[in-house]
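Protein chains in written order, with the numbering used here: chain A, 1 to 356; chain B, 1001 to 1356.
The set of hints was computed from the structure by calculation and includes no laboratory data.
Beta carbons: idealized from backbone N, C-alpha and C, even for Gly.
A few of these clues could be false.
Stated by the list, open to error - Keeping only pairs whose Cα atoms sit at most 25 Å apart, straight-line, the calculated SDA-like set for lysine to any residue is:
no.: 1; chain 1: A; residue 1: Lys342; chain 2: B; residue 2: Asp1319
no.: 2; chain 1: A; residue 1: Lys342; chain 2: B; residue 2: Phe1287
no.: 3; chain 1: B; residue 1: Lys1022; chain 2: B; residue 2: Phe1287
no.: 4; chain 1: B; residue 1: Lys1245; chain 2: B; residue 2: Ser1204
no.: 5; chain 1: B; residue 1: Lys1341; chain 2: A; residue 2: Gly288
no.: 6; chain 1: B; residue 1: Lys1342; chain 2: A; residue 2: Glu333
no.: 7; chain 1: B; residue 1: Lys1342; chain 2: A; residue 2: Gly302
no.: 8; chain 1: B; residue 1: Lys1342; chain 2: A; residue 2: Phe287
no.: 9; chain 1: B; residue 1: Lys1310; chain 2: A; residue 2: Gly307
no.: 10; chain 1: A; residue 1: Lys310; chain 2: B; residue 2: Val1298
no.: 11; chain 1: A; residue 1: Lys310; chain 2: B; residue 2: Leu1356
no.: 12; chain 1: A; residue 1: Lys342; chain 2: B; residue 2: Lys1310
no.: 13; chain 1: B; residue 1: Lys1258; chain 2: B; residue 2: Arg1222
no.: 14; chain 1: B; residue 1: Lys1342; chain 2: A; residue 2: Gly288
no.: 15; chain 1: B; residue 1: Lys1310; chain 2: A; residue 2: Asp23
no.: 16; chain 1: A; residue 1: Lys342; chain 2: B; residue 2: Glu1333
no.: 17; chain 1: B; residue 1: Lys1003; chain 2: B; residue 2: His1136
no.: 18; chain 1: B; residue 1: Lys1342; chain 2: A; residue 2: Ser292
no.: 19; chain 1: B; residue 1: Lys1341; chain 2: A; residue 2: Gly338
no.: 20; chain 1: A; residue 1: Lys301; chain 2: B; residue 2: Lys1341
no.: 21; chain 1: B; residue 1: Lys1301; chain 2: A; residue 2: Asn346
no.: 22; chain 1: A; residue 1: Lys301; chain 2: B; residue 2: Arg1348
no.: 23; chain 1: B; residue 1: Lys1310; chain 2: A; residue 2: Ser30
no.: 24; chain 1: B; residue 1: Lys1341; chain 2: A; residue 2: Asp309
no.: 25; chain 1: A; residue 1: Lys342; chain 2: B; residue 2: Glu1318
no.: 26; chain 1: A; residue 1: Lys341; chain 2: B; residue 2: Glu1318
no.: 27; chain 1: B; residue 1: Lys1342; chain 2: A; residue 2: Gly338
no.: 28; chain 1: B; residue 1: Lys1310; chain 2: A; residue 2: Phe287
no.: 29; chain 1: A; residue 1: Lys310; chain 2: B; residue 2: Lys1003
no.: 30; chain 1: B; residue 1: Lys1310; chain 2: A; residue 2: Leu29
no.: 31; chain 1: A; residue 1: Lys22; chain 2: A; residue 2: Tyr154
no.: 32; chain 1: A; residue 1: Lys310; chain 2: B; residue 2: Lys1342
no.: 33; chain 1: A; residue 1: Lys342; chain 2: B; residue 2: Ser1284
no.: 34; chain 1: A; residue 1: Lys310; chain 2: B; residue 2: Gly1338
no.: 35; chain 1: A; residue 1: Lys301; chain 2: B; residue 2: Glu1333
What the hints assert, rightly or not - Across the chosen pairs, the derived CB separations fall in these ranges:
no.: 36; chain 1: B; residue 1: Arg1239; chain 2: A; residue 2: Glu318; range: 47 to 53 Å
no.: 37; chain 1: B; residue 1: Asn1351; chain 2: A; residue 2: Glu318; range: 25 to 31 Å
no.: 38; chain 1: A; residue 1: Gly338; chain 2: B; residue 2: Glu1286; range: 19 to 25 Å
no.: 39; chain 1: A; residue 1: Asp327; chain 2: B; residue 2: Gly1166; range: 57 to 63 Å
no.: 40; chain 1: B; residue 1: Lys1282; chain 2: A; residue 2: Ser30; range: 39 to 45 Å
2 protein chains.
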Amino acid sequence: MRKTALIMAGGRGERFWPRSRKDMPKQFLSLTDDGRSMIQLTVDRIAPLVEMEDIFIATNRDYAGLVRSQLPELPERNILCEPVGKNTAPCIGLGAVHMEERYGDAVMMVLPSDHLIKYTSLFVSTLSDACRLAEHGKDLVTVGIAPDCPETGYGYVRFRPDEVQGRAFAVEKFVEKPDLETAKAYLASEQYLWNSGMFVWKVSTILEQLREHLPETYEGLRRIGAAIGTDQEEQALEREFRQFKSESIDYGVMEKAKDIYILSGAFGWDDVGSWLALGRIKRSDEFGNVVSGNVVTVDTKGTIVQGGDKLIAAVGLEDMIVVDSGDALLICEQGHAGDIKKVLENLRICNRTQYL
Amino acid sequence: MRKTALIMAGGRGERFWPRSRKDMPKQFLSLTDDGRSMIQLTVDRIAPLVEMEDIFIATNRDYAGLVRSQLPELPERNILCEPVGKNTAPCIGLGAVHMEERYGDAVMMVLPSDHLIKYTSLFVSTLSDACRLAEHGKDLVTVGIAPDCPETGYGYVRFRPDEVQGRAFAVEKFVEKPDLETAKAYLASEQYLWNSGMFVWKVSTILEQLREHLPETYEGLRRIGAAIGTDQEEQALEREFRQFKSESIDYGVMEKAKDIYILSGAFGWDDVGSWLALGRIKRSDEFGNVVSGNVVTVDTKGTIVQGGDKLIAAVGLEDMIVVDSGDALLICEQGHAGDIKKVLENLRICNRTQYL
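Full structure from sequences and hints, please.
Shown next as structure tokens:
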């Protein structure tokens, strides 16, 4: 069966402000040293599994130009523009009806566009196994990550260690982001994996699940699907999408569905969820600093400095984040990385949209 | 007797990097909200005491243009250019021989160009008293500041509380910068004042003291004085000044001299010794932040941010200093304010002179 991929690239990447901006969000930035953007790396990574013509990018209209310029080899019609962000369930449904229209049925990988993976060959092998499993049944397959800390920023998946299909375990349940105590208990139990947001299923399987668990969305998706290739396509998409309830695939489908399998992905995954990720991804100096650009450090440790042309002198800093983006500069204590969104709120309230 | 002033403006102000630069040092910057530079404020402040034609500025050649442009009403010949910095004793001696050449004798106030004083009228009244005392005798008069903390960055002056002349106390001794324990003992004793670097004496008195305590410098100064107004003036200055031993007036004269009196100046003095001074000089917000420029703060307290056009977002900062100067940015933990010079050392070693 044909393998397809839906790469979700509609996010705003606010936690990577001020480099990530409303007109150039995180997935289009290069955070590694190779100059490739996150979305380019995502496409590179699945090249051994999927033909370029079978890769779809779901994004919002404002980013269609960025997708085109960063992925010029991608067929234009594979860029699916959501009229408005409605979270992942409608996004995945939109991908599914396009794939159904084009191929009838297919194996569909769903991938975020803004994660980093260190060991591509291990990733490809895991996804390949997931495809095989998804193709020969009606299972929903997901890839989990073995936790190395009680992270409270991710959803978790509880699996049944004694119920296996090849490398995959049966899923007992999807659970939302836990508090710290719960996360510690999950870690200790050895029966939970992080929900990585990567899924594999057949197009027919996920449409069936959407019909069962999100029937209104499913009906709208059907009307969108029927209009594909007609002169009503744009109108139908606009009309139906705006009416969709905003819903994540995790809450809308995975938490309710049966027959889910999970593979534990051990391929150096990082969701690059905040600037702190740079401390993991990039090589640090002897004082634990990750520094790039025109920077002088004195008595500074554990600090991330992403500079540019402007000289940045960091004196006596510890566990800080400093990011220069030309017109804006962030200086943030690492424990407050989550508060970057408060800066954006402040800018929005003051209508200083040029900085968003 | 005519009153004159020598304002010493040869310093580099490195502790105010990156705003203070080798071609625009601290004394030429405005750190207050009135837009007047430190040296302009110094001149403004003594206007009630001294005619403009009797104010001399000692500086190095590179800053003569800055002095001229910031003090256009000052006679050109009142700008005394040291060929090379030799600390305060030769600087003061140079002023003295120029004043002697012009006026025979005069009362001479010696003032730093980079201090701030809150209550000008109290300052003028103190200096006026000091002038009266200096004029009617051969005393060296200095102005001290009653310490409000055991500061280790200043020299101290021990006075005799029972030996007074008007508002002035006899000085027992000048002492150099103490360690913290000593400074605490000084504070507890109530017999020490901070050495503010402000002095008042007759020109004839200080020249006599230089002859006694720094005879070689005195001889050279005499040769410089003899050449003033001749075509040998420039040559004599160049030749003699380069041979002077580098010496502070405190160590070279004040620590050795007798007949010194000190007035306690209570006029809101601040030597603006580092960026930390801004926390004292400027109004802070409810979280103890002193912020100017294009700045957004989130969960930030006790922090000084001197921004410019570039947006600076400060998130979760505590007791930091952030200064943007266009081409360079300083981010410094307040306890490390003294380490700014290490940044400059680093820049010098790497020959990045554009940032000095």
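Status of the hints after comparison with the structure:
no.: 1; hint: A:Lys342 with B:Asp1319; verdict: holds (20 Å)
no.: 2; hint: A:Lys342 with B:Phe1287; verdict: holds (17 Å)
no.: 3; hint: B:Lys1022 with B:Phe1287; verdict: violated (34 Å)
no.: 4; hint: B:Lys1245 with B:Ser1204; verdict: holds (22 Å)
no.: 5; hint: B:Lys1341 with A:Gly288; verdict: holds (23 Å)
no.: 6; hint: B:Lys1342 with A:Glu333; verdict: holds (23 Å)
no.: 7; hint: B:Lys1342 with A:Gly302; verdict: holds (19 Å)
no.: 8; hint: B:Lys1342 with A:Phe287; verdict: holds (17 Å)
no.: 9; hint: B:Lys1310 with A:Gly307; verdict: holds (14 Å)
no.: 10; hint: A:Lys310 with B:Val1298; verdict: holds (24 Å)
no.: 11; hint: A:Lys310 with B:Leu1356; verdict: holds (14 Å)
no.: 12; hint: A:Lys342 with B:Lys1310; verdict: holds (18 Å)
no.: 13; hint: B:Lys1258 with B:Arg1222; verdict: holds (23 Å)
no.: 14; hint: B:Lys1342 with A:Gly288; verdict: holds (20 Å)
no.: 15; hint: B:Lys1310 with A:Asp23; verdict: holds (19 Å)
no.: 16; hint: A:Lys342 with B:Glu1333; verdict: holds (23 Å)
no.: 17; hint: B:Lys1003 with B:His1136; verdict: holds (13 Å)
no.: 18; hint: B:Lys1342 with A:Ser292; verdict: holds (20 Å)
no.: 19; hint: B:Lys1341 with A:Gly338; verdict: violated (33 Å)
no.: 20; hint: A:Lys301 with B:Lys1341; verdict: holds (18 Å)
no.: 21; hint: B:Lys1301 with A:Asn346; verdict: holds (17 Å)
no.: 22; hint: A:Lys301 with B:Arg1348; verdict: holds (23 Å)
no.: 23; hint: B:Lys1310 with A:Ser30; verdict: holds (23 Å)
no.: 24; hint: B:Lys1341 with A:Asp309; verdict: holds (21 Å)
no.: 25; hint: A:Lys342 with B:Glu1318; verdict: holds (17 Å)
no.: 26; hint: A:Lys341 with B:Glu1318; verdict: holds (19 Å)
no.: 27; hint: B:Lys1342 with A:Gly338; verdict: violated (32 Å)
no.: 28; hint: B:Lys1310 with A:Phe287; verdict: violated (29 Å)
no.: 29; hint: A:Lys310 with B:Lys1003; verdict: violated (48 Å)
no.: 30; hint: B:Lys1310 with A:Leu29; verdict: holds (21 Å)
no.: 31; hint: A:Lys22 with A:Tyr154; verdict: holds (24 Å)
no.: 32; hint: A:Lys310 with B:Lys1342; verdict: holds (18 Å)
no.: 33; hint: A:Lys342 with B:Ser1284; verdict: holds (22 Å)
no.: 34; hint: A:Lys310 with B:Gly1338; verdict: holds (22 Å)
no.: 35; hint: A:Lys301 with B:Glu1333; verdict: holds (12 Å)
no.: 36; hint: B:Arg1239 with A:Glu318: 47 to 53 Å; verdict: holds (52 Å)
no.: 37; hint: B:Asn1351 with A:Glu318: 25 to 31 Å; verdict: holds (29 Å)
no.: 38; hint: A:Gly338 with B:Glu1286: 19 to 25 Å; verdict: holds (23 Å)
no.: 39; hint: A:Asp327 with B:Gly1166: 57 to 63 Å; verdict: holds (59 Å)
no.: 40; hint: B:Lys1282 with A:Ser30: 39 to 45 Å; verdict: holds (40 Å)
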